[in-house]
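Asks: Sequence:
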Amino acid sequence: MAPAAKQLRDRLVRRPAPAGGTSAEQPKATGRGARAALSCGTDAYKIAVPGKPLSWGAPLLADDGVRLRPSTIFSAHLDNWRLCDVTENNGVLEASLWNWGNGRCAAIAGQNAATEGAVLMTAPCAQDDLQRFYIYRDVPGSSMIGVQNKYTGSMMGHDRYADGEFIRQYSSGRQDGTGTYALTGV
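Residue numbers (my numbering): 865 to 1050.
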């Protein structure tokens, strides 16, 4: 394993959160009638546009999507993400992205899975490849990352840099760098 990949994995793959506590401390996944715990690291992260103040912000409303938002004292942890059920293969992490603020997981909606530019949403956490993402270094040795949905194979990105802009999936990524993010511990 390359040293850069090992360092990223070591920073991201942590021991599971302790049992008990509030939902912000111990996320749960809910499926159709079943309830299973996600194994999440204790660290929370911002997924931010490199060198700029906007980062991924989860919605308060279930029918809204993940958007670029500024982090403020009023963000209510909607800009904080935990990596859950993390596995690593050849330096690439696979994880569910659990939002601390709304207690839901990042997901591409099933009815939109084949749609170019489909908006990234949040949904009740489940064992579902639409809620699994590959996280990898954009360029070896860089601290920048790319995020790819496991089921669709599409990269996450945004059309333009603006407050409120949706995070979307793009089958061939974003050639202009608008699919490259900084994963920053909070």
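Everything labelled a hint here was simulated from the structure, so no lab data went into it.
Cβ atoms here follow ideal geometry from the backbone N, Cα and C, with glycine treated the same way.
The reader is advised that the hints may include incorrect statements.
Computed spacing ranges between beta-carbons, pair by pair [unchecked claim]:
id : residue 1 : residue 2 : range
1  : Ala-926   : Ser-1006  : 18 to 26 Å
2  : Pro-914   : Ala-977   : 36 to 44 Å
3  : Tyr-1015  : Arg-1038  : 18 to 26 Å
4  : Gln-991   : Thr-906   : 15 to 23 Å
5  : Ser-1036  : Ser-1006  : 25 to 33 Å
6  : Asp-1040  : Pro-1004  : 19 to 27 Å
7  : Gly-1028  : Gly-955   : 18 to 26 Å
8  : Ala-973   : Glu-1029  : 30 to 38 Å
9  : Asp-1027  : Gly-1049  : 19 to 27 Å
10 : Gly-955   : Leu-924   : 22 to 30 Å
11 : Arg-1024  : Thr-906   : 29 to 37 Å
12 : Ala-940   : Ala-978   : 29 to 37 Å
13 : Asp-907   : Ala-940   : 17 to 25 Å
Asks: Give a verdict on every hint.
Replies: Here's how the hints hold up against the structure:
Between Ala-926 and Ser-1006 the CB atoms are about 35 Å apart, so this pair departs from the stated range of 18 to 26 Å. Distance hint check: the CB atoms of Pro-914 and Ala-977 are about 28 Å apart, inconsistent with the given range 36 to 44 Å. Checked against the given bound of 18 to 26 Å, the beta carbons of Tyr-1015 and Arg-1038, roughly 19 Å apart, stay inside it. Checking the proposed 15 to 23 Å range against Gln-991 and Thr-906 shows it holds: the Cβ atoms sit about 22 Å from each other.
For the pair Ser-1036 and Ser-1006, the supplied restraint of 25 to 33 Å is violated, since their beta-carbon distance comes to about 20 Å. Restraint check, Asp-1040 to Pro-1004: a C-beta distance of roughly 20 Å satisfies the suggested window 19 to 27 Å. With their beta carbons about 34 Å apart, Gly-1028 and Gly-955 fall outside the hinted range of 18 to 26 Å. A hinted range of 30 to 38 Å is violated for the C-beta pair Ala-973 and Glu-1029, which are about 18 Å apart.
Range check, Asp-1027 to Gly-1049: about 23 Å between beta-carbon atoms, so the 19 to 27 Å window is met. A beta carbon spacing of about 35 Å between Gly-955 and Leu-924 contradicts the range 22 to 30 Å that was offered as a hint. In this structure the hint that Arg-1024 and Thr-906 lie 29 to 37 Å apart at CB holds, the actual value being about 34 Å. For the hinted restraint 29 to 37 Å between Ala-940 and Ala-978, the CB-CB distance of approximately 33 Å keeps it satisfied.
At roughly 19 Å, the beta-carbon separation of Asp-907 and Ala-940 lies within the given 17 to 25 Å, and the hint holds.
In this structure, the hints that do not hold are numbers 1, 2, 5, 7, 8, 10, in rising order.
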